[in-house]
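**Q** Quick mapping for you: the protein sequence lines, in order, are chains G and C.
Heads up, the first sequence is in this note's numbering, so the first residue is 1 and it goes up one at a time.
Heads up, the second sequence is in this note's numbering, so the first residue is 1 and it goes up one at a time.
The hints are simulated quantities; they were obtained by calculation from the structure and are not laboratory data.
Please read all numbers here as calculations on a predicted model, not as lab measurements.
Wrong hints could be hidden among the right ones.
To be verified - Here are some of the chain C residues that sit facing chain G, going by a computed Cβ distance under 7 Å:
id: 1; residue: N86
id: 2; residue: A89
id: 3; residue: Q90
id: 4; residue: V93
id: 5; residue: S104
id: 6; residue: V106
id: 7; residue: A109
id: 8; residue: D110
id: 9; residue: G115
id: 10; residue: G116
id: 11; residue: R139
id: 12; residue: Y157
id: 13; residue: V191
id: 14; residue: A193
id: 15; residue: A218
Stated by the list, open to error - To give an idea of the chain G side of the interface with chain C (calculated C-beta under 7 Å), a few residues:
id: 16; residue: Y151
id: 17; residue: S211
id: 18; residue: A233
id: 19; residue: V237
Ideal placement from N, C-alpha and C gives every residue a C-beta, glycine not left out.
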Amino acid sequence: MAETIEALERRIDELRVAVREAVLAGDRTLAGQRRSALRSAEQAWEDALDEVAPAGAAGAGPSAQAGPAEPPESSALPGSLLPLREQVYEALSLLQVPAAPKLIATVHEAFFGATFPTTRVTSLKRDEERSFRTAPFARPYYICAALSADYLAPSRGLLAVSTWPLELRMIGSLSPRADFLTAAIRVAEAIERIPEPPAAARRLLQRFAASVSGAISPGGGADPAAVSEAARAELTVHRDADAEARAAAAERARGLHHAERLFGTTMFRDRAGDAADDAAEAAGAEAKAAGE
Amino acid sequence: MTGRQPSATGQTALDRLRGRALPKNHDARTISALAANPGCTRRALMDAAGVDKQRIAAQAGFPAPFGQSRFAIVRGNAFEAQVKENGAAQLLVLLRDLLGLDVSEVGYADFNDVGGNSSAEVRHLHTRHALTAPDQPGRTLLDHPLLRLKVGGRPAYLEPDLIALRLDGTFHVIEIKSFAVIDGQADPAKVAAAAIQSAVYVRALRDLVSEAGGDPAAVSHDTILVAPRDFSSQPTAASLDVRRQLGVLDRQLSRIASIEDLISQYPPALTFDLDPDAQGRPRRPAAELAAAIGQVAANYAPECLATCELCFLCRDEAAGTTGALGKPVREDLGGIEYIAQARSLARGQVPAPEQAEIAALLLRAAQLREQVLGEAV
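All chains, please: the whole structure from these sequences, using the hints.
**A** Rendered as structure tokens:
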């Protein structure tokens, strides 16, 4: 079944390229035909994924227990990469702000019932970058980096989604706090939407509340409405200055090449660790090429 | 910083002491240790010369299993990461509650790398720029800035956990430690170690500010210690006045600068060179090396076991002296250097005139002991 999904993904990729070519050539009829073919392929992919979902989740179990000892190559295996990518996307879409792997995993556990080792998320970003550099814009979204406002380099440990506005992915000096407050609001709102929120979600809210002034109710608990209100109150203090810094950085980032705009500039990078990463990346790319 | 560097002749003498080995650079821990035992000439000399004390001790036959426990490092890092995660959310609440930090002060800047470059030089330049530039756009907390302190003419890079800016208009050094503060009380030895380490950062930060033409008083001597509260992993913060530690540190640093006076007391042939072969393996005979070390007086105290790589060697050497039993014992037995001497005085040996007072005390103590336990000293 996984092969079918793989085949569909390849077809979706090919169709995207075809659509792009048709649009660039100005052939609207052909573009329309290819677009509808793409949509049906995407629907087929969703259906195929739904079918294998329980099996896929069960398969992720043992590898999750293997933890850090797990070799990074295994995350590039077909099947395991896809669910993780989806999970990270789900959690980030709930938060709507760049977040660290730890927070992403906690949010996913709280609202979607499954967690994953944060070490795998780190290699996910590398996989995404590799995929983008091989075939740009072949996927509907990428898990990408948040960029530091000063050097437009990848901000340490933060992940974002490529389809977000550029401003959202810029990290100025006030942004960590502003994003934290926004995340608190989103989590509170998500809890309010659920009739019976799971215990893990309540715990997460409690942890957010502990770090927002005035968010803890007199009884010591965390009420979603109160947390949201307290976070909003503090957010008004930082919002304007933060938005200004982010907009200025985003303006500069628009001048970057596509890949750098998503994954950050690399011109200052010099670390041995990165060289090792690059080597691992190259090895991974070879393995993938061999697999295909 | 002027006035803290040995002269050229002093530096030559120090290079000779070190021999062919590369100088070992200081870090916050070794600089703190400098101030831990100010009376030790051996340590002062070796540290000024940048001697690798660990290798010297091993070659002289007293290897010390030295360094921080792996578990302590992991725990420390985990706690630090927890306090700093999500824009130091936990820390901000603490600073607001305990120190009245304004709600608008939430700026957070990461100095762990500069655009992906984590070399010490680049990070230090970035730190210096950020700390001394006239406009500091919303930067309240600086995460792992890289400071530099010159020790004996060589730069040592120092990495404070955090610097809080603009807390009542001044810089405050924040040190995050993983030892527990239980009921508002923590292990005094650990707090003392944290205080001296913070003092090292304050010194380096003041140097940086004054080099840029600023007022060193802009760096507060009140540092902030963040540690887990009680038996939880929830952080708590306390203010720590490090003025005394700064005084000790300044004295030690200036002592390294005037190290010439100290070196001139020893024969010019004195060296701690390990006579390495082509592969860098030391060949100098242990006895010869130990004799060279023995020429420089040490001031052993049991506390050295926690801070100095030469501790086992010095302890062996100090066996039989009153100092080996700890500073309080040595002070109580003022003027008596050896344990055997104290015992013979207690047994009733006629004391020298200057020892009459302490001899009487010892005699009385021995009598009491005999009455209670029924055995002689």
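**Q** For this structure, which hints from the list above don't hold up?
**A** Hint check: 12, 13, 14, 15 and 18 fail, others pass.
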